[in-house]
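Please build the complex by placing chain B on the supplied structure of chain A, with the hints as guidance.
Going down the list, the protein sequences come from chains A and B. Positions in the first sequence are counted from 1; adding 1484 to them yields this note's numbering. Positions in the second sequence are counted from 1; adding 1484 to them yields this note's numbering.
Just to be clear, a hint being listed does not mean it is correct.
Okay, the calculated beta carbon distance ranges per label pair [what the hints assert, rightly or not]:
{"hint": "1", "chain 1": "B", "residue 1": "1770", "chain 2": "A", "residue 2": "1651", "range": "54 to 62 Å"}
{"hint": "2", "chain 1": "A", "residue 1": "1678", "chain 2": "B", "residue 2": "1615", "range": "18 to 26 Å"}
{"hint": "3", "chain 1": "B", "residue 1": "1573", "chain 2": "A", "residue 2": "1506", "range": "37 to 45 Å"}
{"hint": "4", "chain 1": "A", "residue 1": "1502", "chain 2": "B", "residue 2": "1741", "range": "43 to 51 Å"}
{"hint": "5", "chain 1": "B", "residue 1": "1745", "chain 2": "A", "residue 2": "1576", "range": "49 to 57 Å"}
{"hint": "6", "chain 1": "A", "residue 1": "1755", "chain 2": "B", "residue 2": "1502", "range": "44 to 52 Å"}
{"hint": "7", "chain 1": "A", "residue 1": "1705", "chain 2": "B", "residue 2": "1772", "range": "56 to 64 Å"}
{"hint": "8", "chain 1": "B", "residue 1": "1544", "chain 2": "A", "residue 2": "1766", "range": "48 to 56 Å"}
{"hint": "9", "chain 1": "A", "residue 1": "1738", "chain 2": "B", "residue 2": "1509", "range": "29 to 37 Å"}
Within a straight-line C-alpha distance of at most 25 Å, the following computed SDA-like cross-link-like pairs (lysine to any residue) qualify [what the hints assert, rightly or not]:
{"hint": "10", "chain 1": "B", "residue 1": "1645", "chain 2": "A", "residue 2": "1585"}
{"hint": "11", "chain 1": "A", "residue 1": "1645", "chain 2": "B", "residue 2": "1587"}
{"hint": "12", "chain 1": "A", "residue 1": "1491", "chain 2": "A", "residue 2": "1523"}
{"hint": "13", "chain 1": "A", "residue 1": "1584", "chain 2": "B", "residue 2": "1587"}
Just so you know, the hints here were simulated from the structure itself, not pulled from any lab data. A virtual CB, placed ideally from N, CA and C, is assigned to each residue, including glycine.
Number of protein chains: 2
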Amino acid sequence: MLQIRLKQAAAEVQTHLDTVMNDFTDVPVVEAMRYASAGGKRLRAFLVLEGARLHDVPRENAIWPAAAIEAIHAYSLMHDDLPCMDDDELRRGLPTVHVKWDEATAVLAGDALQTLGFECVTCPECHADPQVRAELALTLARAAGARGMVLGQARDIAAEKAQNALTLDQITALQAGKTGALFEWSAQCGARMAGADPAPERAFATALGLAFQIADDILDVEGDAEKAGKRLQKDADAGKATFVSLLGLDGAKARAQELSEAACDSLAPYGSQADTLRDAARFVIARDN
Amino acid sequence: MLQIRLKQAAAEVQTHLDTVMNDFTDVPVVEAMRYASAGGKRLRAFLVLEGARLHDVPRENAIWPAAAIEAIHAYSLMHDDLPCMDDDELRRGLPTVHVKWDEATAVLAGDALQTLGFECVTCPECHADPQVRAELALTLARAAGARGMVLGQARDIAAEKAQNALTLDQITALQAGKTGALFEWSAQCGARMAGADPAPERAFATALGLAFQIADDILDVEGDAEKAGKRLQKDADAGKATFVSLLGLDGAKARAQELSEAACDSLAPYGSQADTLRDAARFVIARDN
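Chain A extracted, bound-state conformation (with noise of 0.2 Å):
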């Protein structure tokens, strides 16, 4: 069930993304956009679009929601490959965006997918109740900009250039920000959108988001850079410190295990109707890329 919804999401979004573009200009930063929109686990709609079924919310309404956390996460990752950055030139097993393109409109078109991302949440499809469409809006801000995303990469940055390595509590708070803000969001949504309190969603993606970051520092030493699509072992080469060497191996295994568990435990109030998203959380901590 969960690899079928996963790819539904996936295709669902896909669709939607390309139909929200279709009737901007041809110019090269929006052919960047729709590239680097493209692919991708779509794990971000995926918690949306669940959290909407929890709630009955119409697949209508929250397709949107979903296609703007995909833009945002997008535009995050293609700014984060820049030279200037991380310097990567693979993305889901493709050129990014700065080697197909150049910097400029690798840039211009993450600029403009962040944008649309708030497009996506306040237009009138999205939610017939303004309010729901301010507060998806508030709350996105909240998670992207500088109390959420940006300040967890902007402590990541810090990080590379300081003298002592990170604790786990700075990690686990820089994680926090960097991945786990948009899982929370997305994962709020539907309750957001039904207008029923998503403290459990939150509590559930809190657990997935740092389960999901200590499983991709794991994948970092672990994986096979042809299966992640993307180059692998960054962290250990860059000596920057990650769950795994504050952890060790083992230790990191077990942890990326209790918070899967803990995420699921906290869906106790949907019964088995969350079942999906539980699979979601063993998944996360399996997965190959």
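Just chain B, lined up with the frame of chain A:
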């Protein structure tokens, strides 16, 4: 009156942006956000605040979109100044962010300033009615993204690489995105917040934006780099078509004058209440920076 109100708008928006960013974590990216969002003419904030005055929108509400548009404007300048874009080392008479810090900081701080813009227009303090907040965010996204400002920048980059110089119509379309879209959004804010028809303000800002850009092209040829606080004669050096190269210096001045007058006329429905905005339309074609 114009100079007093411009200064007042600049001071108030500065205080407001400082307050909004006050509880942000102190990392270099946040320092760079503060640095790059300080100073400038604050013309867009002024347009928001004057439009709000015309419609009796309380200043404590209107300051939010005023801060938002200056955050968006500051982000676009920061990314424009990057080595892969215009490669400028001076902005408002000070070193640009990538010179003072580094490129990664400039990319991230710009990203977070864009996000901050959306946070400012969707927070409940901006407007009691969520319909208005959602509309401000949606229209801001359309103005700033691949339908507006970024499209203009993308066309600008494409033009630099093209074999043939742009025609007058093409430059006009390019500038309508690059400069016009944010001017139009700013001027219409007050009417939108009051639930009034923003058509007069839109017509005003379309003409104002184009007049502003023609004046910029004239300044690029005739201006004093010290007063302007940035490098001049960039376009001529780059062999780019500009309003001056297409219309001649006198032709460009005449066109700017016509547009400034058309901008003033479009505010007829507001009578003398809009005189400060009219003064602004005269000011933008007479400024030396």
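Structure-based check of all given hints:
no., hint, result
1, B:1770 / A:1651: 54 to 62 Å, "holds, 58 Å"
2, A:1678 / B:1615: 18 to 26 Å, "holds, 19 Å"
3, B:1573 / A:1506: 37 to 45 Å, "holds, 40 Å"
4, A:1502 / B:1741: 43 to 51 Å, "holds, 45 Å"
5, B:1745 / A:1576: 49 to 57 Å, "holds, 53 Å"
6, A:1755 / B:1502: 44 to 52 Å, "holds, 48 Å"
7, A:1705 / B:1772: 56 to 64 Å, "holds, 59 Å"
8, B:1544 / A:1766: 48 to 56 Å, "holds, 50 Å"
9, A:1738 / B:1509: 29 to 37 Å, "holds, 30 Å"
10, B:1645 / A:1585, "holds, 13 Å"
11, A:1645 / B:1587, "holds, 14 Å"
12, A:1491 / A:1523, "holds, 11 Å"
13, A:1584 / B:1587, "holds, 20 Å"
Of the hints listed earlier, there is not a single one the structure fails to meet.
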